[in-house]
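Line order of the protein sequences matches chains A and B. Using our numbering, the first residue of the first sequence is number 221, and each one after it goes up by one. Using our numbering, the first residue of the second sequence is number 221, and each one after it goes up by one.
One or more of the hints may lead you astray.
The list makes no distinction among identical chains, and a pair is therefore deemed to hold if it is satisfied within one copy or across any two copies.
Below, computed lysine-lysine pairings styled on DSS-like, alpha-carbon distance capped at 25 Å [said to hold, decoys possible]:
no. : residue 1 : residue 2
1   : Lys262    : Lys282
2   : Lys373    : Lys383
3   : Lys358    : Lys373
4   : Lys296    : Lys373
5   : Lys282    : Lys261
6   : Lys224    : Lys282
7   : Lys309    : Lys373
8   : Lys366    : Lys383
9   : Lys277    : Lys262
10  : Lys261    : Lys366
11  : Lys288    : Lys383
If you are wondering where the hints come from, they were derived from the structure by calculation, not from laboratory data.
Number of protein chains: 2
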Amino acid sequence: MKPKAVILLSGGLDSAVMLYYASDKGYDCHCLAFDYGQRHKKETDFSRLIARKAGAKFTVFKLDLPWKGSSLLDRKMALPSGRSPLKIKGGGIPTTYVPARNTLFLSAAASFAEAIGARAIFIGAHYEDSSGYPDCRKEYLEAFDKVIRLGTKAGTEGRLALKYPLISLKKSGIIKLGQKFKAPFRLTWSCYNGGPKPCGKCDSCVLRAKGFKDAGIKDPATS
Amino acid sequence: MKPKAVILLSGGLDSAVMLYYASDKGYDCHCLAFDYGQRHKKETDFSRLIARKAGAKFTVFKLDLPWKGSSLLDRKMALPSGRSPLKIKGGGIPTTYVPARNTLFLSAAASFAEAIGARAIFIGAHYEDSSGYPDCRKEYLEAFDKVIRLGTKAGTEGRLALKYPLISLKKSGIIKLGQKFKAPFRLTWSCYNGGPKPCGKCDSCVLRAKGFKDAGIKDPATS
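The shape of chain A in the complex, shown without the other chains (with noise of 0.2 Å):
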C-alpha cells in the first residue's frame, strides 16, 4: 500500500507542481485546500479541477476567519496592481500578506494528517520568486517541522514530517519540473482578482508571467 500525504492545494501553479511530485515520488494524496474568506472561489474551484486531474483525493477546508487584515481577504482593501517583478521583490511585505496563513493551513494540514495516517504533508512554498511573505522562508518551514515533530503523537513517534523540496527553486524551475511531470498547468489558478480571467497585473499574474517568460514556456492558461 502506498503511504498517504497531504497536499496543500491552492489552485495555483507551484502547489499543483507539488502535487505531481508527490504522486511521482509514490504517495497516496490527499488534497487539501481552503474556503478561508478569499475574494473569489476560484482557488477551491480550480484546486478541485486539479486533484481530479491528477486522481487524488480531495478535501475543502472552511475556515470561517472571525477577523481580516489582509487586501485578500477584505474587498475594501486595494490590491498592488502594474508592480514589476523587481518592485514586488523588494517592496516588502504587502497588504496581500494573510495574518499567519501559511500556519493555520499547516497546522490543519497536520490535524487532517494525523487523522488519516499521512507520512507526509507537502508545501508547495518557494521565496525567491514570491511576494516576500515570512511564511513561505525556509527557516519558517523548518521551524514548522520541529512543531509537527514535538507536538502531535506522529510526530513524536517519527511518523510524521513536513516536505516542501520546491523551496529553494525560481518559479520558473517550478515551471519546467511541472513540464517534466505533466503537471496540468492549463487548470491552475494564479490571479488574485476573481475575473474571467486573469487580470495580468495583480503581484501573482506578474511573477506567473516572469516565471513562464524565463522558463521560456508559454503559459496555456493565459494563451
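Got chain A sorted already, so can you dock chain B onto it with the hints?
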C-alpha cells in the same frame, strides 16, 4: 493604552488563571475560544462566562474539522474513565488527544493577534499534571514561538510572541495562583463529559480533584 493580548480560553481552570494572570500584567485581554466539534458546548459557554467576569473581550472561532481521530470529537469512541492520576501520567498519549489541537488553536491565535495588533499570545498549557499531550510540552511551545517569530509579519518585526508562564507549574500551583488573582473557579468546567455535573471519573476531573486536594483548597465547582 494597554497592550493587547490574545488569551486562549477553554473554559477550564488553567486558561481561566492564565486570563487573570495576563490581566494582572496589564494586558487588554482578547479571549479566543473554539467550537471544534467537541462532545459538548460547555467549553465555549464557560469560556464566555469567564471572559465576561474578567471584563475581557471574547471571540468564538468555529473550526468545523472535516476529520476526527479523537475520543473528544468522536462519540463512538469511549472516553478513558476511572484512571488514577498515576495511571494517567504513565499511560502514554490517551485517546482524548485531538490531532494537532494546540497547533490549530495557536495558529488561529497568531492570525487573530496580528489582525488586532496584539503583542502577546497567552496559553495556559502545563505538562506536569496533564494528560501527557505532546502539545503541552515546553519544547513544543518554544518551537511554536519560533514559528510566530519567523512566519508572521508581526513576529518578524518583533511585535508578537507566545507566552506560557504556567508551563512548569503543577496543577496545585496553578490553583494557588488563581486564588491569588481571585480567578472564578466556580465558572470553570474541566469535565470531558457534558453532563449537568462534572462526572468525577474522566482524566480531566481526576487531575482537577488532585490539584485542589494538593493545594488544600476546596473546589467551588464540585462542592
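### 25 Å Cα threshold - placement of Lys282 relative to Lys262
For Lys262 and Lys282, the Cα distance is within 25 Å both inside one copy (14 Å) and across copies (23 Å).
### Task
Please work out whether the CA atoms of Lys366 and Lys383 approach to 25 Å or closer within one copy, between two copies, in both situations, or in neither?
both (12 Å within a copy, 18 Å between copies)
### Message
My question is about Lys224 and Lys282: at a cut-off of 25 Å on alpha-carbon distance, are they close within one copy, between copies, both, or neither?
### Response
within (22 Å within a copy, 28 Å between copies)
### Message
When Cα atoms must be at most 25 Å apart, do Lys261 and Lys366 count as within-copy, between-copy, both, or neither?
### Response
Answer is neither: 32 Å inside a copy and 32 Å across each miss the 25 Å cutoff.
### Message
With identical chains, the pair Lys358 and Lys373 could be close in the same copy or across copies; at 25 Å between alpha carbons, which is it: within, between, both, or neither?
### Response
Both: 24 Å inside a copy, 15 Å across copies.
### Query
Using 25 Å as the alpha-carbon threshold, which applies to Lys277 and Lys262: within, between, both, or neither?
within (18 Å within a copy, 35 Å between copies)
### Message
Please sort Lys309 with Lys373 into within, between, both or neither, judging by C-alpha distance up to 25 Å.
### Response
Cα proximity of Lys309 and Lys373: across copies only (16 Å, versus 38 Å in one copy).
### Query
Quick one: Lys296 to Lys373, C-alpha cut-off 25 Å, is that within a copy, between copies, both, or neither?
The answer is between: 21 Å across copies meets 25 Å, while 42 Å in one copy does not.
### Message
Please sort Lys373 with Lys383 into within, between, both or neither, judging by C-alpha distance up to 25 Å.
### Response
Both. Shortest intra-copy (18 Å) and inter-copy (23 Å) distances satisfy the 25 Å Cα cut-off.
### Query
At most 25 Å between C-alpha atoms: does Lys288 with Lys383 qualify within a copy, between copies, both, or neither?
Close across copies (23 Å), not inside one copy (28 Å); limit 25 Å.
### Status of Lys261 relative to Lys282 across identical chains (alpha carbons, at most 25 Å)
Both: 12 Å inside a copy, 20 Å across copies.
When each numbered hint is compared with the structure, a violation occurs for hint 10 only.
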